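Engineer: Take 1 as the starting number for the sequence shown in full-length UniProt numbering and just add one per residue.
Note that these hints are calculated values from the structure, not bench results.
In this text the structure is predicted, and so the values were computed from the model without any measurement.
Any given hint could turn out to be false.
[Said to hold, decoys possible] Using C-beta positions, here's what the derived DEER-type ranges look like:
1. ALA135 x VAL58: 20 to 30 angstroms
2. SER46 x MET155: 18 to 28 angstroms
3. ARG39 x SER136: 18 to 28 angstroms
4. ARG205 x TRP83: 41 to 51 angstroms
5. THR193 x ALA121: 38 to 48 angstroms
Even glycine gets a Cβ: it sits at the ideal position worked out from N, Cα and C.
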Amino acid sequence: MNDRAIIDDEVLLDDHRAIPGFERLGALAGDADDKGHLRQFQARLSERLRHADTAPRVARLGLLIGGQRWLVDLAEAGEIVPWPVAITPVPLTAPWFRGLVNLRGVLFGVSDLDRFAGGEATPLSRDSRLLAFGASLNLNAALLVSRMLGLHDPMGWQVAEGEGAQGQEPASAAGVAHAQASVHAQTPAPAPTWAGRSLVDGEGRTWRELSLARLAADERFLSAGR
């Protein structure tokens, strides 16, 4: 497989998980917006994923969040929902926690990863999506995504110059500033566990590995309350 993306849409999820930090909240009224549209996305992706079964196991889902390209393991990815969606803000929560969304009758907590990492709010447009965590992670959480970048095979890509074997660098350019913000810090903070290696593809673009499983286990991510 070459570096060209082979899909650009949605993946599916199950419905029985917990919302990070908000297990006590009741169900929102109303159904998920645009159900017919979502069913079309799901049917189309189911067909594409059947064809993707023959692809190398290293295939990763590409995301653009803010200005950073990320690679996510398909096994950790859930439903991808087109923007806009109705998000209900939750009082007294961290700025990176955008609120709750009703996906097919199930509540999901929506987070802004770029802001969680110490950067600016992720800009949104007609290309934006919500990426839900996969069913195996047992967490009703979703991330804001600026744009989906399809499936990629990173085999043969180069590790970014200056990156150590463990990928110890801040998660993004914004993360660099955040990690070094304290004037008392003697050394830059290590990369968060959910941010893996930086890789350079055949066209010279830099990508970062994103582990949703490790993000789902991050104590700060699970505690969205102020």
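Engineer: For the pair ARG39 and SER136, does the Cβ-Cβ distance stay inside 18 to 28 angstroms?
Structural biologist: Holds: the Cβ-Cβ distance is about 23 angstroms, inside 18 to 28 angstroms.
Engineer: Is the hinted range of 18 to 28 angstroms satisfied by the C-beta distance from SER46 to MET155?
Structural biologist: Because 26 angstroms falls inside the window, the suggested range holds.
Engineer: Could you check the hint for me, namely that ALA135 and VAL58 are 20 to 30 angstroms apart, CB to CB?
Structural biologist: For ALA135 and VAL58 the Cβ distance comes to about 22 angstroms; the hint holds.
Engineer: Does 38 to 48 angstroms hold as the CB distance between THR193 and ALA121, or does it fail?
Structural biologist: 23 angstroms, violated
Engineer: Is it true that the C-beta distance of ARG205 to TRP83 lies inside 41 to 51 angstroms, as the hint says?
Structural biologist: Roughly 23 angstroms apart at Cβ, these two residues miss the hinted range, so it is violated.
In the structure shown, a violation is registered for the earlier hints numbered 4, 5, in ascending order.
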